[in-house]
Amino acid sequence: MYRKILTAVNEHLNSEIAARYAMNLARAAGAKLYLCFVAGKGRQVAIFDRAEEAIKRIFIDAKKMAIDIEAITETGDPVKKISEIVRHEEIDIVFAATRREDVEKRFYAGTVARDLSLALPCSVALVRVVHMGRIHPKKILVPLKARIDHLTERSYFSAAMANAFGSNIYLLHATKPITSFFHGEVHLTPVEWEKKMSKDISYFMEHLNKYKIIHEKRLIPGKAGRSITIEAAAKRFDLVIMGASERSLLSSIFKGNPVEVVLRETPCDLIILKPRHEDK
Amino acid sequence: MKINSLSTDEVFQSLVTSADGLSEEEAKRRLAEFGYNEIEEIKKKPLIFKFLSQLTHFLAILLWVAALFSFLSEYIHPGEGMLTLGLAIVGVIFINAIFAFIQEYRVEKALAAMKKLLPFYVRVLRNGKETEIFAREVVPGDVATLMEGDKVPADIRIIETNEIKVNNAPLTGESEPVGRTKEPFSGELINSQNIAFAGTMVVSGSAKGVIFSTGMRTEFGRIAHLTGTVTPGISPLQKEITRITRVVTAIAVTTGLLFFSIGYLIGRTFWENFLFAIGIILANVPEGLLPTVTLSLAMGSQRMAKRKALIKNLTSVETLGSVSVICTDKTGTLTQNKMEVKKVAGLCDNATEKVQGISLFHSALLCNNTKEVEGNLKGEPTEVALYKAAADSIGHIENKRLKEFPFDSDRKRMSTINSMRDTTYVLAKGAPESILQISRHCFRGKDIVPFNTSMEEKSVELYHSLMDQGLRVLAFAYKEVKSDEMIASKEDAERDMIFMGFIGLEDPPRPEVAEAIQKCREAGIRIIMITGDSSRTAAAIAKEIGLIKEKATIVEGAEFLKMSDAELRDVLSDKEIIFSRMTPKHKLRVVNILKEQGERVAVTGDGVNDAPALKRADIGVSMGTGTDVAKEAADMILLDDNFATIVNAIEEGRAIFENIKKFIIYIFAHLTAEAVPYILFILARIPLPLTVMQILAIDLGTETIPALGLGVEPPEAAIMKQPPRPKGKGLIDRKVLFKGYIFLGLIGTIGVLFAYFFVLNKGGWRWGVELPINDPLVYQASTATFLGIVMMQIGNVFACRTQTESIFKIGIFGNRLILWGILAEILLSAFIIYHPWGNKIFSTASIPLSVWLLLIPFMFMVFFAEEVRKFLARYREVILTIDNSQLKE
Chain A
1 MYRKILTAVN
11 EHLNSEIAAR
21 YAMNLARAAG
31 AKLYLCFVAG
41 KGRQVAIFDR
51 AEEAIKRIFI
61 DAKKMAIDIE
71 AITETGDPVK
81 KISEIVRHEE
91 IDIVFAATRR
101 EDVEKRFYAG
111 TVARDLSLAL
121 PCSVALVRVV
131 HMGRIHPKKI
141 LVPLKARIDH
151 LTERSYFSAA
161 MANAFGSNIY
171 LLHATKPITS
181 FFHGEVHLTP
191 VEWEKKMSKD
201 ISYFMEHLNK
211 YKIIHEKRLI
221 PGKAGRSITI
231 EAAAKRFDLV
241 IMGASERSLL
251 SSIFKGNPVE
261 VVLRETPCDL
271 IILKPRHEDK
Chain W
1001 MKINSLSTDE
1011 VFQSLVTSAD
1021 GLSEEEAKRR
1031 LAEFGYNEIE
1041 EIKKKPLIFK
1051 FLSQLTHFLA
1061 ILLWVAALFS
1071 FLSEYIHPGE
1081 GMLTLGLAIV
1091 GVIFINAIFA
1101 FIQEYRVEKA
1111 LAAMKKLLPF
1121 YVRVLRNGKE
1131 TEIFAREVVP
1141 GDVATLMEGD
1151 KVPADIRIIE
1161 TNEIKVNNAP
1171 LTGESEPVGR
1181 TKEPFSGELI
1191 NSQNIAFAGT
1201 MVVSGSAKGV
1211 IFSTGMRTEF
1221 GRIAHLTGTV
1231 TPGISPLQKE
1241 ITRITRVVTA
1251 IAVTTGLLFF
1261 SIGYLIGRTF
1271 WENFLFAIGI
1281 ILANVPEGLL
1291 PTVTLSLAMG
1301 SQRMAKRKAL
1311 IKNLTSVETL
1321 GSVSVICTDK
1331 TGTLTQNKME
1341 VKKVAGLCDN
1351 ATEKVQGISL
1361 FHSALLCNNT
1371 KEVEGNLKGE
1381 PTEVALYKAA
1391 ADSIGHIENK
1401 RLKEFPFDSD
1411 RKRMSTINSM
1421 RDTTYVLAKG
1431 APESILQISR
1441 HCFRGKDIVP
1451 FNTSMEEKSV
1461 ELYHSLMDQG
1471 LRVLAFAYKE
1481 VKSDEMIASK
1491 EDAERDMIFM
1501 GFIGLEDPPR
1511 PEVAEAIQKC
1521 REAGIRIIMI
1531 TGDSSRTAAA
1541 IAKEIGLIKE
1551 KATIVEGAEF
1561 LKMSDAELRD
1571 VLSDKEIIFS
1581 RMTPKHKLRV
1591 VNILKEQGER
1601 VAVTGDGVND
1611 APALKRADIG
1621 VSMGTGTDVA
1631 KEAADMILLD
1641 DNFATIVNAI
1651 EEGRAIFENI
1661 KKFIIYIFAH
1671 LTAEAVPYIL
1681 FILARIPLPL
1691 TVMQILAIDL
1701 GTETIPALGL
1711 GVEPPEAAIM
1721 KQPPRPKGKG
1731 LIDRKVLFKG
1741 YIFLGLIGTI
1751 GVLFAYFFVL
1761 NKGGWRWGVE
1771 LPINDPLVYQ
1781 ASTATFLGIV
1791 MMQIGNVFAC
1801 RTQTESIFKI
1811 GIFGNRLILW
1821 GILAEILLSA
1831 FIIYHPWGNK
1841 IFSTASIPLS
1851 VWLLLIPFMF
1861 MVFFAEEVRK
1871 FLARYREVIL
1881 TIDNSQLKE
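If you read the sequences in order, they're chains A and W. Under our numbering, think of the first position of the first sequence as 1, with each following residue one higher. Under our numbering, think of the first position of the second sequence as 1001, with each following residue one higher.
None of these hints come from the bench; they were simulated from the model. In this text, a Cβ means the ideal position worked out from N, Cα and C, and glycines have one as well. Any given hint could be a false lead.
To be verified - Here are the computed distance ranges between Cβ atoms for each label pair:
#, chain 1, residue 1, chain 2, residue 2, range
1, W, N1162, A, R236, 39 to 47 Å
2, W, E1433, A, H136, 53 to 61 Å
3, W, K1562, A, P177, 45 to 53 Å
4, A, H136, W, N1162, 26 to 34 Å
5, W, I1095, A, E101, 54 to 62 Å
6, W, L1052, A, K56, 24 to 32 Å
7, W, Q1722, A, P177, 44 to 52 Å
8, W, F1094, A, L118, 32 to 40 Å
9, A, Y203, W, N1162, 51 to 59 Å
10, W, D1565, A, Y203, 16 to 24 Å
11, A, D115, W, I1076, 55 to 63 Å
12, A, H136, W, D1565, 44 to 52 Å
13, A, R236, W, E1480, 44 to 52 Å
14, A, S198, W, L1083, 35 to 43 Å
To be verified - A few chain A residues that don't get close to chain W, going by computed Cβ distances all over 10 Å:
#, residue
15, H12
16, I69
17, I72
18, R87
19, E90
20, E206
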C-alpha cells in the first residue's frame, strides 16, 4: 500500500524522531523514503544547518538499513511545497511531527499539522513525540471507534508499524457506559462487553490476523480520550496509533474531542493517522 | 529496544546530544517542545463548575422547580407564606451542594502531595560546562550529575557511575538502597539498573547520566498521571441514593400531577390544585434524605476513628459494608512486623559454631547496616533482628568495613568486605537460592568441605522446611581474601563462597487476625494475600492464621507477569489465592480485574507505587505508617496498621447500610401520614390539613435528630453472618416499601387523622362545610395533624431501631441520641405550636393538652404493632431453621 513515504524534517528534534518512525515503516513496507526540509522565507542559516545535520543523520541510518532514500530541500511555504512534492512524486503517506504549541492552541484550529492533513492528497501520519526513552515500541495501543472508516488502510498501517518494530498490538474500544434512568450505570462483565463488540472491530482484527500480528483486545466503558491515556499509562504502552478526529470545531468545543485529549495527555509517543486510501 | 539497552554512544546518538551536553540554544528549543519538568495537573473541571454541578443534579433541579413555583405563587398570591417556602427550599439545595462539594475538593490534595516530592536544583552540562539550573528546566538530552543527597530530577540513563546507590522507596516502596550501573540492560525499562528514576534519592556515591524523560512522562509522572486520572467511580451508596431519589420523585411527581388533574376535573381552582400538587410532591420527595445520610456517615466515620480506622471519604463508610474481596499485604498488616530470629540451621548439628575463627553470626552481624543510636538499634526490621541475635551471641566484634555491594532485587543478596584481626573477609547474606548459587564449599562439623549435589539438595530441603514453618529465611556465606584491592566488582567478591547456614526469622501474626479472618469467612468476604515474601513462607503464615484451609492457588510474581488478563481472571475466581514475590505496582492490575468481575474491592498499601491501586479500589486502605501519597490516595487509613481493623470497619459499614435502611423506613412512614390528609383535602373537600411549611418543618426539622439516632445503632448480632450485599440489592425493596408506606405509615395515619378531626369537631366544624384557609380552626386542625405526625414518629423511631430483634432485648433506652432527639423534637414542636414566631412562620396555632394526650395511645400502637411483627418474623425464622435441619438429617 505504501510505496513512497515522505517525512518532513526541520530544525526540531521531534521531527527527527518522527522521521525515524517513517524510516522503520519504509523498511517494513519496502518503500522509498523522501526526507523533505522546507525552509520558510527569512530563516536563519543556523536553523538551515541544524535541519541539514538531522537529514544527514537520518540518511546514514537509512543507508545502514538499506532503504532507498532521497533528500529534498526547498524554500517557501511548507504546506504548499510539500503538497507539490506529494503530487509530483505520487507520495502515499506523509509523516510530520506535531509541535507542543499545536497542542497548546486548539489542535484543530489552524496549525501547520492540521493544514497538512487537510491539504495533502495522500494519507498523513502526525507524530507527537513525548518520550525519548522508548526508541523501538514493543507495545502499541490502537484505540478504535465502533465504526471505522478506511479500515483496510488503518489495519495495514498498524500492522506495518508492528511489523517494523516487532511489536504487539493492543486494541482498545472505549464505549459510552450503559445507563438506565433509575439504576444509573449498569455494570457488564468482560464477556458481556465482548458481545457488544462492533463488526468493524472484528474486521480490523481479521486484517491483523491476515498480517500475522499478535494482538489483544479490550473493551471498556468510559470517556474515550481519558480511557486511552489511562490505559497507555497504566500498562506502559510505547506508542499509541489512533485515527484523526472527524469532529468539527463546534462539536469539539461542546462534546469534547478524544484526539485532543490524547494529544495533551499522552504518556507515550502518539501517531494520528489521517488515511486517504479507500477500502476496496 | 529502549534507552536502557543502548551503549553510551548509542544513547548520545539516540537523544541527539553528546558528552558535553546540549547547547543553551538547543536546550531552550527542547524546553519549548517538551515543556517544563514538573508534575502537571491533568486538566480537570474547574472548582466552580464542580460546585455548580452539585446545584444542577436531578433532585436539585426538582427542588429548583418547586422553589420557582413557590416564588411565582408568592408573586401572584402574596402573603400566603410561599416566599418563606421558596427560600427554605433554596436553603436545602445549598446545604446539600456544600456537603457534596467539600468531599470532592478533598480528593484534589493527592496530586499536590506528589508535587512536593520533586527536587528544585540540578547540575547539568551546558555547552560543555557544568551549571546549576532549576530542576523544572531540564530537558531530554541534558547530561546531569548526581551526587549523594540529590533527588533525581528526571528519568536518567546512567553513563558513568562511582558506586552510586539510590533509594527507590518513593517509587517502588522498597526501602533498601540499590546500586546503579552504566552497563546496557535488555529487560524492561522499569527494572533496569542503569536508570535513575525521577523523585528517587541518591543515598551514596555519584554518577553522570543523560536525561531522557521529563515531567509527566517520567515513571514518577506516570504514577501521578494515574493517580490524577483514575476515576474513583460512584460509590454503591451514591448510586443507591440516586436510584431512590429518582424512584420516589417519579412517584411523587406522578401522584402530584394525577391529583392536580382530579382536582381540576372536580372543579377546584387552579391555585388550590397547584398548592396541593406542590404539597403532595414535597410530602413525598425525601428532601431530608441526603443531609441525613451525609450526617449519619460522618458520625459513622467518627465511630470508626475510635476503632483506629480513619475514613476520608464519607461515602466510603457504607462502601466498606459491601466489600466482597480484601487484597491485603502480609508484613505489618497480617503480621506484627516484629522480626525475631527463631531458628539457626546448617548442614551440621551446631550451626553457630566457629569454623576457622568465624561463624554464621559474624556474617549476620557485620554484613548488616543496622546502627546503634543512643542505645537503640536503627535499621530495617529484618537486619535489626539479625544484628540483635548475633550481638547477643558473639558480642561486638572489632572490624573495619572496607566495601559494600548493596542488596538488589535481581541478585537477592548483599555482601561486604570487612577486615578482622588482620584477615580480610567477604561476607554475604541473601535469599537461600541466591547464596547457594555462589557457594562452592560449606561448613561441615569443624571442617570446610566441597559443596556437592547431595549437600545442596539437603540445604534446599532445610530451607524449605524452615519456610514451611512460616519463617523468612536468609542464607549466609563468606570467604577469605588477601586484600579488598584485589576485588574490582561484586562478581569477583561473590565468587566461590563458603556456605555457612540459614537463619529463620519469625514475624508473628497479629493475635486478633485469625478471629478477623474467621469473621470474614462467615461474612462471605474473600481475602487475597499479596506479598513480597516467598510462596512457602506466605503459605505457612496463611495456614497459621486460617487464611487458607483447602488447596490454595499460589501465583509467584514472575508467573503473574506472564499471565494474560483472561488467565488472571480465571485465577482470581478461585476461592483461596496468594500472590507471592509481588511488588506494589502489580496491585492495580489485580484490582482492575476484580472490579471487572463485579467484586467490591478493598486493597491495602503504603508506598507511592500503591497509590493508583488504592485510588482505583472501592476502598483504598493505607497504613498509618505509610507514605503521604498513599495516605492521600486512600479512602481509609489504619492508625494501627492492623488487618482486624479493616474487618471491624466492614462490620461498621454493614451496620450503617442497615441503619440507613432503618431511617428510610422511618421517613417513608411519615410520608403516608403527610400524603393521606392531602388526598382527603382534594377528594373529600376537608379543610387544609397540613401546610407545605409544616411538611418541611417535619422533614428537615423535628425528625432529623431521631433519624440520626437510628444512624448510630450498633451492629446487630447477625450482621457478620450474612454474605456481602449482592450487587443490585439496594436500600429499597418490597419489604421496605410495605413496612414504611403501608404497615407503619397507615397505623400512624389513623392516629394523625383522629387528632385532626378531633380538633375540627371540637371547633364546631361539620362535614361539607368549607373553611377559609386563614380560619383559626384550620390553623388548629393543621397543627393537630403536624403534632400527630411528630408523635407517631416518636413511636416509629423506637419501632425502627431493630430489624427483627425485640427492642426490649437491646434495651429501650440504649440509644441516647434518640432520646435527646425526641426531646429536641418535642421542644421544637412546642416552639412551632406555642411560640408566636413559630405560629407565624409555620401557620400554626396553639392546641390544648388534650390533643397531646389523645395521641399517646396511637404512638404506643405503632410501637407495639412493630414488636408483634418482629416476634412473628423471629418465630418464622426459628421454624425455617428447624425445617432445614430436619431436611439435612
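Tested hints:
1. N1162/W - R236/A: 39 to 47 Å: Roughly 30 Å apart at Cβ, these two residues miss the hinted range, so it is violated.
2. E1433/W - H136/A: 53 to 61 Å: Because 33 Å falls outside the window, the suggested range is violated.
3. K1562/W - P177/A: 45 to 53 Å: violated, 31 Å
4. H136/A - N1162/W: 26 to 34 Å: holds, 31 Å
5. I1095/W - E101/A: 54 to 62 Å: violated, 46 Å
6. L1052/W - K56/A: 24 to 32 Å: Given range 24 to 32 Å: violated, Cβ gap about 56 Å.
7. Q1722/W - P177/A: 44 to 52 Å: violated, 30 Å
8. F1094/W - L118/A: 32 to 40 Å: violated, 49 Å
9. Y203/A - N1162/W: 51 to 59 Å: With Cβ atoms ~57 Å apart, the hint holds.
10. D1565/W - Y203/A: 16 to 24 Å: holds, 23 Å
11. D115/A - I1076/W: 55 to 63 Å: holds, 60 Å
12. H136/A - D1565/W: 44 to 52 Å: violated, 24 Å
13. R236/A - E1480/W: 44 to 52 Å: holds, 45 Å
14. S198/A - L1083/W: 35 to 43 Å: Cβ of S198/A to Cβ of L1083/W: about 55 Å, so the range 35 to 43 Å is violated.
15. H12: violated, 6 Å
16. I69: holds, 18 Å
17. I72: holds, 21 Å
18. R87: R87/A clear of chain W: closest Cβ-Cβ about 30 Å, beyond 10 Å.
19. E90: Label holds. Min Cβ-Cβ 32 Å, cutoff 10 Å.
20. E206: holds, 20 Å
Violated hints, listed in ascending order, are 1, 2, 3, 5, 6, 7, 8, 12, 14, 15; each of the other numbered hints is respected by the structure.
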